[in-house]
Amino acid sequence: MTDLTSQPTPAPAGLPRRAFLRVAGASAASVGLVLAGCNSTDPLPVVPIDPNLLTLAAGETGLLNYLYLLEQLEAAFYQKVVDAPPADLLPADKAFFADLRDHEVVHRESIRFALAANAYDANRATPLAFNFSTLTLTTRAGVLAAAQQFEDLGVAAYTGAMRLVSTPSMLSFLAKIASVEARHAAFVRDLRTPGSFAGDDVVVNAAPLQSVSLTKTPAQVIEEAKAFFLPIVVSTSLLPTT
Amino acid sequence: MNFFNIINKLSEVDPDVMGRLDTRRSVFNSLNTVSKRAAMASAPAFLAAFFSKAYAGTSAGDPKEIFNYALTLEYLEADFYNKMIASPFFATASALDQAAIRQISKHETAHVNLLKTVVSGIGGTPVTPVTFKAATFASLTSFAKQLEVAQLLEDTGVRAYKGRAGDLQGINDVTITGVGTINPLQAALQIHSVEARHAAHVRFMRGQTPWISGNGDLDNQEHYKGAIPESTITQSGVNLTTGLGTPYTATDAQASFDEILTVAEVLAPSRAGGLVGA
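Protein chains in written order, with the working numbering: chain A, 1 to 242; chain B, 1001 to 1278.
FYI, nobody ran anything at the bench for these hints, they're computed from the structure. Watch out, some of these pointers could steer you wrong.
Said to hold, decoys possible - If you want a taste of the chain B side facing chain A, the calculated C-beta under 8 Å gives, among others:
1. Ser-1105
2. His-1107
3. Ser-1120
4. Gly-1121
5. Ala-1138
6. Ala-1165
7. Gly-1170
8. Leu-1189
9. Gly-1214
10. Asn-1215
11. Val-1238
12. Thr-1242
Each residue gets a CB set at the ideal place from its N, CA and C atoms; glycine is no exception.
The whole structure should be built from the sequences, with the hints applied where relevant.
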């Protein structure tokens, strides 16, 4: 079964990937221009590189890398819980955590596929290791609190990022993930506090924008999640803001 | 070829052509200098891209029409939950379930009020309220039966909002009296994610997975089908079960992505359209 032949608006196979490759081509070309501007006898400029600074690229490539990073973070968290569940995690919880892990891995891998060579870690020898030292992952309560934090943040992140996307096929791809993240968030909240699926702390409860979900900019999301990247510092300075 | 002649011709068949070009700010973002505009306006390939972007995903849709469509669906949901709370079966539900339905009902009513304000604020006329068909509601003779319909309404709502996201892409922020400045796409997506939270909870109340895994008791209903069914396992041209290096199950592939419904699909008698009535 394929959704492409029957899609009402044409979205050629692999469009996002090609779009990104085009962006890559453009960057390579501009690098070429800069190099062409250098006299071959000039000494190469020495730019100090901070190995702990991860600056996300500009434009849609950067935005997608930002969401890729968040999906990596979520997948790594659920993998850790599935590998070493707290003693009081219920058997039913475990099956759901395996589902959550699977979904986040599928999200991560499909975004990585779209990014291809433009993934920030395409040339890294080892994947980024996330820092979960601030979390309590030895109790059910601690795991659920952390899961809620990740999922609510993910929902706010997708909601805040999609307006910054300019390629129609990329928006439709991300919107399909965004609502699944909202389902996850509702579910882990219900596990933690039954009935809190759309609580007043994540759905605006004051007029005039009452009953819409919270949204966060990439800068706000990275600020909230910064402890999980340490010692790496993630910079959103090049990401689009409008 | 004259760029302005083309716009003139277009305006004969689409009076809103200038508004469309103007609100699709991303079109103009790529044309930041006059000389660049002049240079590029003669290139046929550029023109094609320009107009396909201006008309991307639209079927003569404009924010007024899109938000009125959303308003119609919110009227239907809001009336359904009002009927549910007023029903004699409501008292048979647990206190927790009652609280959940009240919370969802509060959101749907607030969505109606917000969307009415938005439609008026951008110069439209809010659609006439619709109601959930009384005879259909009367046939739901238990809280559990009512919850089945709640699930279908919520999952359809998620698909409906998602189906219009592309039509709102690139439209400028608007300032609306009584609301403030909003980005139309973002506002719609903020409602979309609340609908997804509702859907997840109603499914979980019913003993279903909060996500659409394809093995639920209602997953064969029309609400989960359509031109792009929820059972889709191909995204961006790649089969997720086989194309990502590591194989993933079809269940995971479909549950990881929610799919769209078009306006015609949502309003079909087999889906939300069949639930609207006196």
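So, going through the hints one by one against the coordinates:
1. Ser-1105: violated, 11 Å
2. His-1107: For His-1107 of chain B, the interface hint holds, since the closest Cβ of chain A sits about 4 Å away, which is under 8 Å.
3. Ser-1120: violated, 13 Å
4. Gly-1121: Nearest chain A Cβ about 10 Å off; hint violated.
5. Ala-1138: violated, 28 Å
6. Ala-1165: At 5 Å from the nearest chain A Cβ, Ala-1165 of chain B passes the 8 Å test, so the hint holds.
7. Gly-1170: holds, 7 Å
8. Leu-1189: holds, 5 Å
9. Gly-1214: violated, 12 Å
10. Asn-1215: violated, 12 Å
11. Val-1238: Holds, about 6 Å.
12. Thr-1242: Result: violated, 12 Å to nearest chain A Cβ.
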